[in-house]
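Undergrad: The listed protein sequences derive, respectively, from chains A and B. Numbered continuously in the numbering used here, the first sequence closes out at residue 382. Numbered continuously in the numbering used here, the second sequence closes out at residue 152.
Don't take each hint at face value.
[Claimed, not checked] Simulated restraints, written as ranges between beta carbons of each label pair:
no.: 1; chain 1: B; residue 1: GLU126; chain 2: A; residue 2: ALA60; range: 21 to 29 Å
no.: 2; chain 1: B; residue 1: GLY(-1); chain 2: A; residue 2: ARG345; range: 39 to 47 Å
no.: 3; chain 1: A; residue 1: VAL196; chain 2: B; residue 2: ASN127; range: 48 to 56 Å
[Unchecked claim] Some residues of chain A that are not near chain B, with every Cβ distance over 10 Å (derived):
no.: 4; residue: ASN92
no.: 5; residue: SER141
no.: 6; residue: MET244
no.: 7; residue: LEU338
no.: 8; residue: ILE348
no.: 9; residue: ILE351
Keep in mind that the hints were calculated from the coordinates and are not lab data. These figures come from a predicted structure and were not determined experimentally. Think of the CB as a built atom: it goes at the ideal place given N, C-alpha and C, for glycine as much as any other residue.
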Amino acid sequence: MMLPTEWIHNFLYASMPEGLAHAVELVLIAVGFLMFFAAAGLYLVLLERWIAAWIQLRRGPNRVGPWGIFQTIADALKLVTKELTGTDKADKFLYNLAPYFPIVAALITISVFAYSQSLHAFDINIGIFFITAVSSIGVIGILLAGWSSNNKYALIGAMRSGVMVVSYELSVGLSLLTMVLMTGSLQLSEIIEVQRTGGWLIVQGHIPAIIAFMIYMIAGTAETNRTPFDLVEAESELGAGYHTEYSGMKFAYFFLAEFINMFIIASIAVTVFFGGWLSPFGITDEIFWLQPVWFLAKVLVIIVLMMLFRWTFPRLRIDQILTLEWKYLLPLNLINLVLMAIIVLLGWTINF
Amino acid sequence: MSYFGDIVRGIGSLLNGMKVTSKYLFFAPKEIITQYYPENRDTLKMFDRFRGEVIMPHDAENMHRCTGCQSCEIVCPNGSIEIIWDRVVNEETGKKVKIIDKHIYHLSMCTMCGLCIQACPTEAIIWGQNFENAVTDRTQLTKVLNKPGSKVHPDVKE
């Protein structure tokens, strides 16, 4: 059976010279990802607003379109038409450059995920490493925005972001490393292949895998600067934090990047812990169009969990955030890594 | 060993919080407290304790219960109430009694504290349920609460 991606590939290479076909393919993939990026960003904002409303017993967006489904599109149109204000004392070059870092880093990162067996744009052999490396470029944008705005709130917010990302990157990396011990590969397609034969990694690795998943979710939420860890833009203390001086579409870039980062964190969790595009017990693994559906459904569950975190937990102070990371998550993570190594070495993993 | 105890207790309390919010998220849409306001204007009923504005109810014979004792005027901290009163001779008893000419209520100065309603000895003024108080001219906020030609109810003793 021919997959649609193969069909497009063959069609392009048959109808035009090889170099041009390759270029057209790259452009098509980039456009596809950009469209997915915009749609996912906008609809995650809408989902967040609905979930916030339902938890607080409100109705949520309901004016623009049925159940307010066009609300965020209307918001984005408003932001596009707004004036881009700036400050006189800002470092103009860095100030204008900063919004592109988070959005470009997020875009590069979503391109390496395996959405299905064939829908995999860039299957690099250091997949997990690449994702953790590139996704932390986003924080450069936040630091640049805070520094170049020439505003004390923006600067403090950006520096806090730097502190947090430096701390929590460690936990994200170590908890992913714990899982990599079981797969023996950093390549995303390999990781999914291991789970196709032996069950999802969170089942295979039982206790240390569950601990790693909990640590990953805490650190991942901190990475996205979302509410239990939202010191970066603490409204009560810092105005809007690093994007205080931004307006219009430049602000929207930061805002969308936050939601895409949430999607990325959830996608990594799904790929590494919950079998990526695999269905539970392999019931529909062979139906290629159900693979992305399974992937996105799992991602959605993780995202709803993160939104539940946001609307449930109280915020942490900066010292509490650093205590949580350096005194609790990091030591536990290191112990967990050793535990996982022992379990893998002795072959105590659960294999179907 | 309070280190691990703290972790377990912390996770327990976080899960407890998530139990509450997820119960609201998944099972409580029928208890939604906000309303589709302009659409349900005809059927919207405010709750009993809502403080919209001070009103003076009149019965079918155009009688109110205000004796003109001025308790509300004295007790109002903002001076929102102003009573223009008079004395007339009661035909049955031959005594002079106080009656109100105009009970003037400045909604623009009212903070809805409710002291006038607590102070009223005859329950002549109560809370109204109207909440759409926006008008285009400030003078419309000065209201005369007693209707023209209204009389005090004969049951009300001073």
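Undergrad: Would you mind marking each hint as holding or not holding in the structure?
TA: Outcome of the hint check:
Taking the beta carbon of each, GLU126 (chain B) and ALA60 (chain A) are about 53 Å apart, not inside 21 to 29 Å as hinted. For the pair GLY(-1) (chain B) and ARG345 (chain A), the supplied restraint of 39 to 47 Å is violated, since their beta-carbon distance comes to about 24 Å. For VAL196 (chain A) paired with ASN127 (chain B), a C-beta distance near 54 Å keeps the hint of 48 to 56 Å intact. At the 10 Å boundary, the C-beta of ASN92 (chain A) falls inside the reach of chain B, the nearest C-beta of that chain being 7 Å off.
With a cut of 10 Å on Cβ distances, SER141 (chain A) stays outside the contact zone with chain B, its closest approach being about 32 Å. Interface exclusion of MET244 (chain A) from chain B breaks down, the closest Cβ pair being 8 Å apart, not more than 10 Å. Not every C-beta of chain B lies more than 10 Å from that of LEU338 (chain A), the closest at about 6 Å, which undercuts listing it as non-interface. Consistency note on ILE348 (chain A): stated as away from chain B, and its beta-carbon is indeed over 10 Å from all of that chain's, at 18 Å minimum.
With a least CB separation of 14 Å from chain B, ILE351 (chain A) remains clear of the 10 Å interface cut-off, as annotated.
The structure fails to meet hints 1, 2, 4, 6, 7 from the earlier list, while all remaining hints are met.
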